[in-house]
Structure formats: structure tokens, C-alpha cells
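> The lines below spell out each chain.
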Amino acid sequence: MRRQLLSALGAVLMFSLLTGLAYPLVMTGVSHVLFPSAAQGSLIRSHGRVVGSSLIGQEFVSSAGQPLAQYFQTRPSASNDNGLASGATNLGPSSANLLQSVHQLEVAYRRFNHVPAGVEIPSDAVTTSGSGLDPDISIANARLQAPRVAAARHLPVSVVYSLINSATIHPALGILGEPVVNVLELNVALDSRAH
Amino acid sequence: MAARDWLYFALLIGALAVSVPLLGVYLARVLEGTPQRGDRVWGPLERLIYRALGIDSRAEQRWRTYASSVLAFSAASVLVLYLLQRLQGVLPLNPTHVGGVTPALSWNTAVSFVTNTNWQNYAGETAMSYFTQMVGFVTQNFVSAAAGIAVAVALIRGLVRSRTATLGNFWVDVTRVVVRVLLPLSVVSTLVLVASGVIDTLAGTHVVHTVSGSTQSLPGGAIAPQEVIKELGTNGGGPFNANSAHPFENPTGFTNFFENYLLLLIPFSLPWTFGVMAGSRRQGASVLAAMAVLWAALSFGAMAAETSGSHLLGPGITQHATATVVGGNLTGKEVRFGAAQSALFNSSATATSTGAVDSASDSYTALGGGALLTNMMFGEVSPGGVGSGLYGMLILALVSVFIAGLMVGRTPEYLGKKIQAAEMKLVAIYILVVPLAALSLTAFALLWPSARASLLNHGAHGLTEMIYAFVSTSNNNGSAFAGLNGNTGFFNIALGLAMLLGRFATIVPVLALAGSLGAKPRLEESAGTLPTGTPLFALLLTGVTVIIVGLTYFPVLALGPLLEHFVAHA
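Keeping their order, the protein sequence lines are chains A and B. The numbering of the first sequence is this note's numbering, which starts it at 1 and goes up by one. The numbering of the second sequence is this note's numbering, which starts it at 1 and goes up by one.
Hints were generated in silico from the structure; no laboratory data involved. Take the hints with a grain of salt, since some may be wrong.
Quick list of the computed label-pair ranges, beta carbon to beta carbon [stated by the list, open to error]: (1) 79/B to 43/A: 35 to 45 Å; (2) 117/A to 18/B: 31 to 41 Å; (3) 33/A to 448/B: 26 to 36 Å; (4) 547/B to 84/A: 44 to 54 Å; (5) 45/B to 65/A: 49 to 59 Å; (6) 35/B to 43/A: 30 to 40 Å; (7) 170/A to 195/B: 12 to 22 Å; (8) 323/B to 191/A: 41 to 51 Å; (9) 323/B to 21/A: 44 to 54 Å; (10) 172/A to 203/B: 27 to 37 Å; (11) 166/A to 551/B: 55 to 65 Å; (12) 162/A to 195/B: 21 to 31 Å.
Not the full set, but computed from the structure, chain B residues with beta-carbon under 8 Å of chain A [what the hints assert, rightly or not]: (13) 7; (14) 8; (15) 34; (16) 36; (17) 126; (18) 191; (19) 201; (20) 216; (21) 246; (22) 248; (23) 359; (24) 535.
For every residue, glycine included, the Cβ atom is placed at its ideal position computed from N, Cα and C.
Can you build the whole structure from these sequences, using the hints too?
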């Protein structure tokens, strides 16, 4: 058994060097040469400065925490889009807390976007995501927000619709994933148009 | 389910159907030590490792030595991983300056990664340094997977060799699997993931000034290399708290598909390897078919449940998929994946003992969550973890021939090996130990007041949270119904115990069984032999698996997910 334990410690050491150090470090180096932008987090610039990652959802709110009408809003988040606290609410499907929160979010969404009672709201607008950092919204959600954004920016709604189209990500092969709108890219496109 | 989701399911099955025979044959060659072209490349590296370990690579081991090698390797791994976490504050590659981990959590996490469970009672962004993630977790992701494959291969050797005292050499098997299978696949797959947006940087946290004038901290890390082996080795322990829901781990619909493929690849290839080593592809195919049927059925169930959505949300909200609406139950899900493809991922990850999630299982519909739980209750055989899935299914194959033998009154045989009392005792231990650990620890935790306080949800859903945690850990899956707060003294110890029992109280009987079977002669098939390489046997095996799970777990399934479903629809 003592010999086995010596072999075991040697094995842990050897595999730590090979798979724990050499493999990730070499792959990180190669990734930086081949795919520098992706390896560093697909960062997006606006007016020359980095404003976030196209993969990570962020809040578009005033300093008082109120949603800004001139920006498209991401989905609700369990962590208010805190980049270091990813995660979900983990509330069960019949949890009273969940159902109450969905109801409150629906009321707030209708008021903010002037959506009348007869129009259905897509569920992504009133539910939190798995990561708390979902960067995307559904196309229907974006279109419901478009009139509000257009009014706040004094733009024709048709211009905003066409920007939604350019920020739409279509699934690879038509089937891998869902068609979605990237909110940060859309908002950056709106801002760059204003200047 | 939309047409797109059916095509997605079909494409995944197609991709696996193409890869499994290729990898299955390759794995057999690697494990049998057949001379091959790669020897010139891999040989020197392997010999270097053998020399460092001080072992003779040609010397084979009896089952007791093989088992003690597994145990010694695992003990050394737990020790090293424990120390890495305790000392990470003074170790290098720690740009975010995280401090040492508490003793109870370090122990739980060390046991978790060494047993290929990857249950996580911590949030990776803030609790672990890059050094711990790489040298600790990535290393264990490789070697715990390789150890599982080694044990499965020892059992295959026991079945296919005639009158043998030895089962191969554990150190050689682990080394060859890491060097020739896991590393090359990981290198290629890492590049695929980075090209698709998964990050890979050691730069630390990046603070950006957002569009609306506030700040956001973006985490860093060598994520892509870790993500790949996390799926490929059916480990599941993600660098980030949100696991594969995190856009830096899984940024697109394509990466979601690719990661889903990776986590199924080796578990479905190993029965093929078994067929090749047994000299009869049909033997491998019948085991593979039983695994595939269970995986496809439960995955379809989870996908259907999640796309149908939750009717409790109210009439003003649509969950009906159209060209612009992402349909289904989206609470805890990412819109880029949608409900069906998220459910397929989580179902595949619970069926393979990976335990990774691309969506929050706790917020699944009652039946969708129940499907995930049932996947684990099968005992991780559909297709199960790397190695552990195959040896689990071979154990159930022995139960199946035993039951068939009782029905016709003949001594059961499998691959020409007589299955007698000694073997059936070991099989019974294997079958009983995991449910015993899962159910008794759940009962104990429900009676323990401070443990109940860890539940986020109550009623039937709370029971599901509790049983989910212990079924997940005792089956070495690591999937979390994440509402349960596991980072308490009670859960760190109790869940750690479940993981140890689930891994080693099954591996030792498997290796004893391999030794016992190996010593027997391999008999020729006679007219009275039950053929085991047939569709009929695959059906019998599937039925036996379902019946064992039903008898063991139906009461708790009825009180958890089923009760919740019927109450919600009452």
C-alpha cells in the first residue's frame, strides 16, 4: 500500500503538470493568438471606450435605478446583472414568490411600454434567466419596446425596427438556438446613430 | 415542440451516430494497447509518466491491487485538492486575490471533484482562484474521468478473458486514456469553443463603464479549456456559478449543441468499445440501445414539459412559440437556447452524471424537473458517466440474465461466464448501496431542523430539492436543484459522505466482480444460452432498469414532482 500511495502522489503531480498547467496555459496562449477578441470576452466599444461585452447582459438604468426610456431593456435578472454573481432565482414553478414577481414585472412592463391589456407579453420580458446575465431578448419583446425607445429619441419607429433587425442573431443552421436580439449591440447602434 | 427542436434532437443523434463507432473502436485500441501510428508521438510521454510513477507498465494487477490503486490515487487526489483550496491565498495565478476556502467546504469540494461528481457548494467567480480551478479542478476533471473508464475496462476484461488472474494495470489505463483520448479531444474542442466566443484569459476581472454610466465587473479565467473537459469527462463542475447558462461558458445556440454533444460522446462510445473488446459488436449494441432508449425517452419528456410552459403565469403572458416569441417555460432559462434545447441539455447532463446545467433546474415545471431527477435515479446508466455508466449498465445486464435464468430455471450466463451466488451478492451490494445512501440521508436531513432551513422552496417542491441533492451526490452526478443552500456544516459533510459512498462503495464491488468473473472459464454458447446481443435482450435490460428504479424511488417521486404537478393542475 505504501508503494501504491507513492505512485498515487507521483501520478497526481504528473497529471497536475500535464493537464492542470500545460494544457490550459498552452490553450490560453494559442487562443489569444488565433481568436484574441473572443478569448478576451467579445468586448464592445462605443465612442472609443469599452462599454461591456456583447455576451453579458447589463442594466440600462438611471443612477436612481429607474429604467431609461431611450434604451432597450434586458430581461429581469436575479442579480441585477452583477457580472460576478451569476445565477438564477431558483424559485419553483408554483412558488408564490415567483408568481407574484412575474405579476409585478408584467404590470411594470405594461406601464413602461404602454402595452394595453389586450396585447400579450412574451414571457422572456417578465422572467429571470438562468445566468442572471442573459444578453438577449426575444424579437417580440424588442418590438414591444420599440415605440417607447423611438419616442424617447424622437426617431421614426421604422428606423428603430430596422436597427432591431440588424441586431437580431439568427440561429446557426436555422435550428441551433432561437432567433434573439442582442440588447447591448442594439443600444450601442442607437447611440452611435445619435452622434 | 417546434419543428426546429425536433431537427435539433435529430441532428444531435446523427452527430453521435457518426462519432460513436469511430471513438468506440479507437478507445478499444487504446485500452488493449494495440500498436498504432500514434505510438511515436504518445509513447515517450507515457514512458516519462510511468518512470515518474515508478511502475512497470507491462505488469498487470489482480483485482485487489487494481482496487487499492484506485483508492490510493483518489486519496492522494483528495489530499492535494484539499490543500490547494486551503492555501490558494498564497499560491500563484490569483489575480482577484481570493482567500483560502473553509475546511468543511474544501473537504466537500475535494471529494466532489475526485469522485467525478462536481457538486458545488460555492460560486466559482468569487470563491476559487485560477490556480485552484486549473491545477485542482481541471486536473481532476481529466483523471477522475480516466479512473472511471479504467474501472469499466477492468470489468470488461473480467468478462471477456478466460481464467485470468489479472485485470490490466490501473496506472497504465489512466495514463493512456488521458494522453491518447481526453487530451487530444480537449485541445481540438477548446479551439472550437473559443472560436465561438467562450473566453480564455488569465487577465483577471475586467471593470467596464457601461452605456448608462455605471460599472460592471466581467470575470476572467481559462474558461474554454475547463469547459471542454467538464463536459467530455462528464464532470459538470463549472468555473462560474451559473454553470453552462453563463454566456462566457456557453455563448450561443451552437456552443450549447456542441457541449451537449461532448458530454454524451464518451458515455455512448464505451458500450461500443465493450462490443469490440468482447469480440461481438452485437453485445455492445444491445447495451447501447438500452441506454439510448432511456435517454431519448426521458429527454423527450423533459423537452415536452418545458415547451408546454407554466400555466400559472397568467393570461397576459404568452409562452406560445412563434417566429418572434421564444416559447415555453423561460424562468431560469436563456432565450438564446429556448425551452426545448435547454431541457435536452439538462436531461443529457443528468443522464450522463455530468450535472452541468444550461438552465435552472429548480424552476423547471414539476414534470420537467421530475424527468431530470428520474435520469439520476436510474443509477447513471442512460448512458451514465464516463466508465461508471458502462459498469452500471453491465451490472444491470447481470441482473437481467439472472432474472431470465430464474424464469427458465437455468444457471444464468453472460458472455459465456456463469453468474453464480458470489457474483450476485456483489451485484446486490452495487444495486443497493446508492439508493440506501440517497434515501436514508434524505430522511435524516428532513428530520434535522437546521438542514430543513436550507430549503428555498417548501411543500412538495421542497422535498424534491432535498431528494434531488442526495440522489445527485450519491450517484456522483453533481447536478443541483440549486435552491438548496448546501454550504452549511451539515450539508458539506452529509453530501460529501453520499459522494464517497456512491463512488467507492460501488467501485470496489465492481472490481471484486471483475476478479471473480475473470477467474472463470469462458464457456461456449449452447442452445440453452440466453442470447444477450439481441433487441429482445435490450428490451429486457431496459425493463429491468425501469422496474428497479420504480420499486426503489416511486414513493418519493409521487410525493415530490408528481404531487406538485397534480396540485398545480388541480
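> Can you tell me whether the CB distance of residue 35/B to residue 43/A sits inside 30 to 40 Å?
49 Å, violated
> Is it true that residue 162/A and residue 195/B lie within 21 to 31 Å of each other by Cβ?
30 Å Cβ-Cβ, so the 21 to 31 Å window holds.
> Please test the hint of 31 to 41 Å on the beta carbon pair from residue 117/A and residue 18/B.
51 Å, violated
> When the nearest CB of chain A is found for residue 8/B, is that gap smaller than 8 Å?
5 Å, holds
> Let me know if the C-beta of residue 7/B comes in closer than 8 Å to any C-beta of chain A, holds or violated.
5 Å, holds
> Please verify that hint: residue 535/B, Cβ, nearest Cβ of chain A, below 8 Å or not.
30 Å, violated
> Does residue 248/B meet its interface restraint, that is, does its C-beta lie within less than 8 Å of any C-beta in chain A?
Holds - the Cβ of residue 248/B comes within 8 Å of chain A, reaching about 6 Å at its closest.
> Under the criterion of a CB-CB separation shorter than 8 Å, is residue 359/B in contact with chain A as hinted?
4 Å, holds
> Can we keep the residue 36/B interface hint, with Cβ of chain A closer than 8 Å?
21 Å, violated
> Quick check on residue 126/B please, does its C-beta sit within 8 Å of some C-beta on chain A?
6 Å, holds
> Is the shortest C-beta separation between residue 34/B and chain A less than 8 Å?
Constraint on residue 34/B not satisfied, violated at 23 Å.
> Take a look at whether the Cβ-Cβ distance between residue 79/B and residue 43/A falls inside 35 to 45 Å.
40 Å, holds
Hints 2, 3, 6, 8, 15, 16 and 24 from the list above are not met by this structure, while the remaining hints are.
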